[in-house]
Amino acid sequence: MVRFLLLAVAAGQVLPAQEVKLLGVHRIWGQAPHNAFTDLIYHDERFYCVFREGSRHVSPDGKLRVLVSVDGMKWESAALIESPDGDLRDAKISVTPDSRLMLSGAVAYPEGSPARHQSLVWFSRDGREWTAATTVADPDFWLWRVSWFKDTALGVAYQTLPDQRGVRLYAAGPDAKFRAIVDNLGIEGYPNESAIRFTPDGTAYCLLRRDPWKGAPGASANGLLGTSKPPYRDWTWKDLGRRIGGPEFQILDGGKAIAVVRLYDGQQRTSICRLDLENATIDELERLPSSGDSSYAGIVVQGNALWVSYYSSHEGKTAIYVARGQVER
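So the mapping is simple: our numbering equals the position in the sequence shown, first residue as 1, plus 194.
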């Protein structure tokens, strides 16, 4: 089902100097009781949108759905991946150096299991037929999003034990066999979800979420922007000055960056933002039609065209949406 929304009402301009113009938003999936936690890529002349289906935000029956589209408007289901071991969560998708699709996520084990979470990856040539799951990273380190630069993949994994909240950096080569290259990034508080993107010279930028945690009373919950150069062992972190959730961003030509995050000041919402990589600031450009249970975007930029997947419950049911826009350079 595709539903179009009136942007003049649902998504208002926030900053006078607008760099993004929204052209339309439509709902692309809502068949499960709860549809959430998206990612989006464009590969081999097709869009792929991945997300979790389940009965609730947290439930033991999570599965990962893969949708495919030629034009970003009409979507069809290509695959549904499930695990007998537990709840599959937070689907992310990338492309390996040999042009395979790599789907990543984590399984949340039932209570009483030896571990709480295990990160997994699957591979496909066409988005329809997928390999069996491959275990990556250490148990109870959630490798949340993986990004490739040439033959190297990087991803930050956050610890999921109730009394341990560190973050660890993993890297892989073309074989996609991940190993920890920084055991502890040394960030206070509760660091967790992240996105890493690269400039043409290989400089890595990491947009990192932090949340309040009783284990570190008084620690900041503001998001962070990290910077590192190959071989990515040493990082510099700057405070963004505001709390964010579900971080995703893309670096544009000329060094500008567009991010989509959940914002917490006032009403929680999912918004397209300007991310200043030099000064470590993030400013809201456009609020997407969203409220309540919402966030976890994927971004595709093609020239001046912008595509954003996200989930929201503003229409009464938690469903998957795609926004179309134009980036003003």
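Do not rely on the hints blindly, as some may be mistaken.
[Said to hold, decoys possible] Okay, derived cross-link-like pairs now, DSS-like style, lysine-lysine, Cα gap no bigger than 25 Å in a straight line: (1) Lys-215 <-> Lys-450; (2) Lys-371 <-> Lys-257; (3) Lys-371 <-> Lys-344; (4) Lys-257 <-> Lys-268.
Hints are computed from structural coordinates only; laboratory data are not their basis.
Comparing the hints with the structure gives:
1. Lys-215 <-> Lys-450: Roughly 16 Å separates the two Cα atoms, so the pair holds.
2. Lys-371 <-> Lys-257: holds, 24 Å
3. Lys-371 <-> Lys-344: With Cα atoms ~15 Å apart, Lys-371 and Lys-344 stay inside 25 Å; holds.
4. Lys-257 <-> Lys-268: OK: Lys-257 and Lys-268 at ~22 Å, within 25 Å.
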